[in-house]
Amino acid sequence: MKKIVPWAVSLLLLFWAVSKMVPPKEKPGLDVRGFGGLPVLAGGRVMPMDSLARVSLSEWNHHGTYSRADKTVIEPTQGLLEIFMMPERADTAKLFEVSNPDMLNLFRSPDAHGGFVLFSFSELKPFFGEIDKQAGLADGTEPDARNPFQRGIIKLRAGLRLYLELKSTIQAEDSPDFGKEIEAFGHAIQPGMNALRDRGAGKPFSELDFERILVFTQRYKSLTQVKYASAIPNPQRADQNEGWQHISEALLSAIRDGRVPEAATAYGHLIEAYRVNDAAAFNARLRDYQEYLAKVVPEKLARPKLEFAFNQARPFLQAMALYLIVLVFALFSWLLWPKTLSKMAFILLIGAFLIHTAGLVVRMYLQGRPPVTNLYSSAIFVGWASVLLCIILERLYKNGIGSVCGAVIGFVTLLIAHNLQLDGDTLEMLRAVLDTNGWLATHVVGEALGYSAMFLAGLIGIIYVFRGVFTRSFDEATSRSLGRMMYGVVCFATLFSLVATILGGIWADQSWGRFWGWDPKENGALLIVLWNAIILHARWGGYVRERGLALMTVFGNVVTSFSWFGVNMLGVGLHSYGFMDRAFGPLIGFVVSQFAIIGLGLVPLKYWRGIRARQVQVPAQPLAPAILPAAAKQ
Amino acid sequence: MTSELSRWLKPITSLRLTIFCLACAMVLVFVGTLDQVHIGIYEAENRYFRSLFLFWTPPNTQLRIPWFPGGYIVGTLLLINLIAAHLARFKLSWKKAGILFLHSGLILLLIGQLFADIFIDRESQMRLDQGQTKNYSESLYHDELAIIDTSANDSDRVISVPDSRLHKGNRIALPADSLEVVINDFYPNAALVSPSQLPGPAYPHLQIGPMADAVPLDRTHKENDRNQPAATVSLLQNGTPIGTCSLAAGFPRPVNLQGAGKSYQIVLRPKRFYKPFNIQLLEFRHDRYAGTEIAKNFSSRIRLMDPAQHEDRESLIFMNNPLRYRGYTFFQAGFENNDTTTILQVAQNPSWLVPYISCALIVFGMLLQFGMHLVSFVRRRVTS
Chain D
1 MKKIVPWAVS LLLLFWAVSK MVPPKEKPGL DVRGFGGLPV LAGGRVMPMD SLARVSLSEW
61 NHHGTYSRAD KTVIEPTQGL LEIFMMPERA DTAKLFEVSN PDMLNLFRSP DAHGGFVLFS
121 FSELKPFFGE IDKQAGLADG TEPDARNPFQ RGIIKLRAGL RLYLELKSTI QAEDSPDFGK
181 EIEAFGHAIQ PGMNALRDRG AGKPFSELDF ERILVFTQRY KSLTQVKYAS AIPNPQRADQ
241 NEGWQHISEA LLSAIRDGRV PEAATAYGHL IEAYRVNDAA AFNARLRDYQ EYLAKVVPEK
301 LARPKLEFAF NQARPFLQAM ALYLIVLVFA LFSWLLWPKT LSKMAFILLI GAFLIHTAGL
361 VVRMYLQGRP PVTNLYSSAI FVGWASVLLC IILERLYKNG IGSVCGAVIG FVTLLIAHNL
421 QLDGDTLEML RAVLDTNGWL ATHVVGEALG YSAMFLAGLI GIIYVFRGVF TRSFDEATSR
481 SLGRMMYGVV CFATLFSLVA TILGGIWADQ SWGRFWGWDP KENGALLIVL WNAIILHARW
541 GGYVRERGLA LMTVFGNVVT SFSWFGVNML GVGLHSYGFM DRAFGPLIGF VVSQFAIIGL
601 GLVPLKYWRG IRARQVQVPA QPLAPAILPA AAKQ
Chain P
635 MTSELSRWLK PITSLRLTIF CLACAMVLVF VGTLDQVHIG IYEAENRYFR SLFLFWTPPN
695 TQLRIPWFPG GYIVGTLLLI NLIAAHLARF KLSWKKAGIL FLHSGLILLL IGQLFADIFI
755 DRESQMRLDQ GQTKNYSESL YHDELAIIDT SANDSDRVIS VPDSRLHKGN RIALPADSLE
815 VVINDFYPNA ALVSPSQLPG PAYPHLQIGP MADAVPLDRT HKENDRNQPA ATVSLLQNGT
875 PIGTCSLAAG FPRPVNLQGA GKSYQIVLRP KRFYKPFNIQ LLEFRHDRYA GTEIAKNFSS
935 RIRLMDPAQH EDRESLIFMN NPLRYRGYTF FQAGFENNDT TTILQVAQNP SWLVPYISCA
995 LIVFGMLLQF GMHLVSFVRR RVTS
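From first to last, the protein sequence lines stand for chains D and P.
Mapping of the first sequence onto my numbering: residues 1 to 634, in sequence order.
Mapping of the second sequence onto my numbering: residues 635 to 1018, in sequence order.
Check before you lean on any hint, since a few could be wrong.
As a list, the in silico DMTMM-like pairs of lysine to aspartate or glutamate whose alpha-carbon atoms are at most 25 Å apart [stated by the list, open to error]: (1) P:Lys930 - D:Glu299; (2) P:Lys930 - D:Glu249; (3) D:Lys227 - P:Asp921; (4) D:Lys300 - P:Glu927; (5) D:Lys221 - D:Glu173; (6) D:Lys155 - D:Glu207; (7) D:Lys227 - P:Glu927; (8) P:Lys896 - P:Glu814; (9) D:Lys133 - D:Asp144; (10) P:Lys930 - D:Asp423.
If you anchor each label on the Cβ, the simulated ranges turn out as follows [claimed, not checked]: (11) D:Leu354 - P:Gln914: 51 to 61 Å; (12) D:Leu354 - P:Arg860: 18 to 28 Å; (13) P:Phe689 - D:Leu164: 48 to 58 Å; (14) D:Lys125 - P:Val671: 58 to 68 Å; (15) P:Gly961 - D:Ala596: 47 to 57 Å.
Simulated from the structure, these hints should not be mistaken for lab results.
Yeah, the Cβ is synthetic: ideal placement off N, Cα and C, and Gly gets one too.
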């Protein structure tokens, strides 16, 4: 019975997490999910409509949500459908977040104090002239020197532009019925071309046909001004991304080919059905279009479909929830029912890790890349590698520390990733210099492994300090095993960060012409290597024991966070593609907390609760030399 | 090793010195990185890493007070410490083999980098327009005053004065035709303006041409900016002036002068590094991801012409794939003029292979060392 309980409880919890990843049954009505899985080319890659919706929404507001005028929040794909097919209603949706007080003041918002306000496109319309003017002024300031108002206004202008472009993705926004329009266009092409040919040859021609095709051409030419996402596959070249066309390009090329592309017609029909709210017709047309795609671009369907399922499943959120549960179980296991709770924690940790792994692998498949390509994916991977190390530690030591560490690092890194996600497409295409899987797989992954180990060692150091200072559960064996764990993990960190840093130098030698250029990111990596070298030499020389090792690994957290995020904030150098300044406050907070913990660890040992508990138990024995720092011994 | 010698060596072989040096290196790297925000990478590199000391200048003084060891001192000390420690405690044993490999890799790396740093002026670029051929690259940071003897029919003779010797009032003897250059006036950085833009006739300026004046600017340390000096110089032959002119590096147009039956050109321009071969740009390509402005690839198709070596061939230089030829390496660094001009970074680093070797040594050493730790750890667990 005792053996079954932990298995039963943890498997039940796991089942709950997995069940949340399975999509719910489709409700009757519009096949929104079917539409969300349709492929579209945006940002240089073919993605599902659902991702286009999510990426766009995250450009507009920090929750990435689409809320209608009546404040109901709808699915991203539903919102995208509205923007595509019923722009007059989308114009009233509260999409654009403004949080800068000066900007709110500019828009004469009543609640200009604190927080943020969501504006709709229509509400901002009266201020377009002002936004354009202010953003134009802000353009004159160098990006680094812009103040929050200037940054905000430029971002808003970009957001509005994106919105305008999206409205014209599959239709001309001002068309009362685009389906009918392109039908008429299709009929006008042949006569128009005939008229054009006759006119050129000096023969009599139909002025009406000539005028008509001219008007259409002008209209679709002007539509190219707002081209962003390309939703129309060109059957001849659709295996290459260059073969995808914006609706305007597709219609213009139709004049040459003599017929409107099937995809454009299909979207026209979808719009027609959507506007009269005819779900049956919409779904039938959608199925036709899906079959058409399966016929002409079968190789471009698998990834968007998987990506769509991935968007829906949100594996990293489920893993986060599980890590949190693991943390609770593992922490309580130090207080009561140690065997049962720590077993449950460990089973769940492995479950969470498997979900985490699945998410990571799917992302790698979608991108066709090694796991780390940008800051977002580095957070996912650093967490993943740390949890893997923790599982190994827990298997070796079976004292719950591995589970606690895995839970904390897994949860925190995924939380960081969740916040970074709002910066845009996390599967974005890679800039030219990064376009090399070999180096991404060795140098970048190696650095990330180094970060993982550094944070893990630092966390064990924190546990050492807290358990020693505050709890009675700090016997000599615990202290020793914590010390061994830290040492092992630091060795691991040294190995990976040193090798990865040198590999980075070799990459730099091949792409920039110098092995070492003192670029901030390089220096950040070097700091980690130097600090590891200091820790190891200090330990080998006997200058530090467990406590010193613990405090040094805590300082390692500071060094690693500087290298991971801090240097990106400097905005200097060739590596500054991972730039972000939002994290500045949290980073400072983290650094301060680490110094506080180091300060706590420097409290003389006689005040440590863990040490005093030991003395009470064995009053005759002197303090064990193992936990004494070098200074106290002399 | 005699006990006398080892006692004498003790301080420089100590682990404490290692830790002290590593800690100094951390401080240097950290402060040097932060300071890059203000003074740019190149200047920070010179001040913190390629220097003997960090200097502090108290406000309103000319004093330079050293307050911290610079990169050269820390690096050298670390190197000595490392080598001395191994000499003093050298024992051939399996237990130490990993450490030995690792440290010899590090020693090699440090020596290689120190060598590359001191002896090689690395930062130069070759700018080529479509179809253009050049046999020189230009420094990113330094300029030169070039005096060119154009009298001969088949070749020019170039005498270059480095910008470090250009100071107001400096008199420099040239190694030919008893020529001398006098620097009458010198701005380390200058902007070119049209005469009508001058705030007044008394505003300090050098007249570069009928349409352009150079006005002094503060030296810049910005990443994508370079200093463009301007100077008024006189050329003297046997002590008699044969001409005086104002020159600006931002407008490197040669000025012609005559003296003793010879014609000379004088020009202030980015410092040139001549190569024993020619490179011609055939085509530059800048590919973007479909429907975006994100760069997917830059590449330059060039023709390499080296009659002396009987080489005349095409080569494609692109990101992460440089051309290595006769000790020089050409990298795709950038582009200009609406994708018609390519910028190739040129590096001359005879020790470029060193990091590869030291990397292999370090990896091998670490795997050996930590692997042995791991094996003994696992063995202990199994027996217990």
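Against the structure, the hints come out as follows:
Between Lys930 of chain P and Glu299 of chain D the alpha-carbon distance is near 22 Å, which keeps this suggested pair within the 25 Å criterion. In summary, the hint linking Lys930 of chain P to Glu249 of chain D is supported, as the alpha carbons are separated by about 22 Å, within the 25 Å threshold. Between Lys227 of chain D and Asp921 of chain P the CA atoms are separated by roughly 19 Å; this keeps the pair inside 25 Å, and the hint holds. Simply put, Lys300 of chain D and Glu927 of chain P have alpha-carbon atoms about 22 Å apart, close enough for the 25 Å limit, and the pair holds.
For the proposed pair Lys221 of chain D and Glu173 of chain D, the alpha carbon gap of about 14 Å is at most 25 Å, so the pair holds. The straight-line distance between the Cα atoms of Lys155 of chain D and Glu207 of chain D is roughly 47 Å, outside the 25 Å bound, and the hint therefore fails. Taking the CA atoms of Lys227 of chain D and Glu927 of chain P, the gap is about 13 Å. The hint holds against a cut of 25 Å. Under the criterion of a C-alpha separation no larger than 25 Å, the hint pairing Lys896 of chain P with Glu814 of chain P is consistent with the structure, at around 15 Å.
Among the hinted pairs, Lys133 of chain D with Asp144 of chain D is consistent with the structure: their alpha-carbon atoms are about 20 Å apart, no more than 25 Å. Restraint check for Lys930 of chain P and Asp423 of chain D: satisfied, since their Cα atoms lie roughly 21 Å apart, inside the 25 Å limit. At roughly 57 Å, the beta carbons of Leu354 of chain D and Gln914 of chain P sit within the given window of 51 to 61 Å. Taking the beta carbon of each, Leu354 of chain D and Arg860 of chain P are about 54 Å apart, not inside 18 to 28 Å as hinted.
Taking 48 to 58 Å as the suggested C-beta distance range, the pair Phe689 of chain P and Leu164 of chain D conforms, at roughly 56 Å. Take Lys125 of chain D and Val671 of chain P: their Cβ atoms lie about 40 Å apart, and the range 58 to 68 Å is violated. At roughly 54 Å, the beta-carbon separation of Gly961 of chain P and Ala596 of chain D lies within the given 47 to 57 Å, and the hint holds.
Hint violations for this structure: numbers 6, 12 and 14, all remaining hints satisfied.
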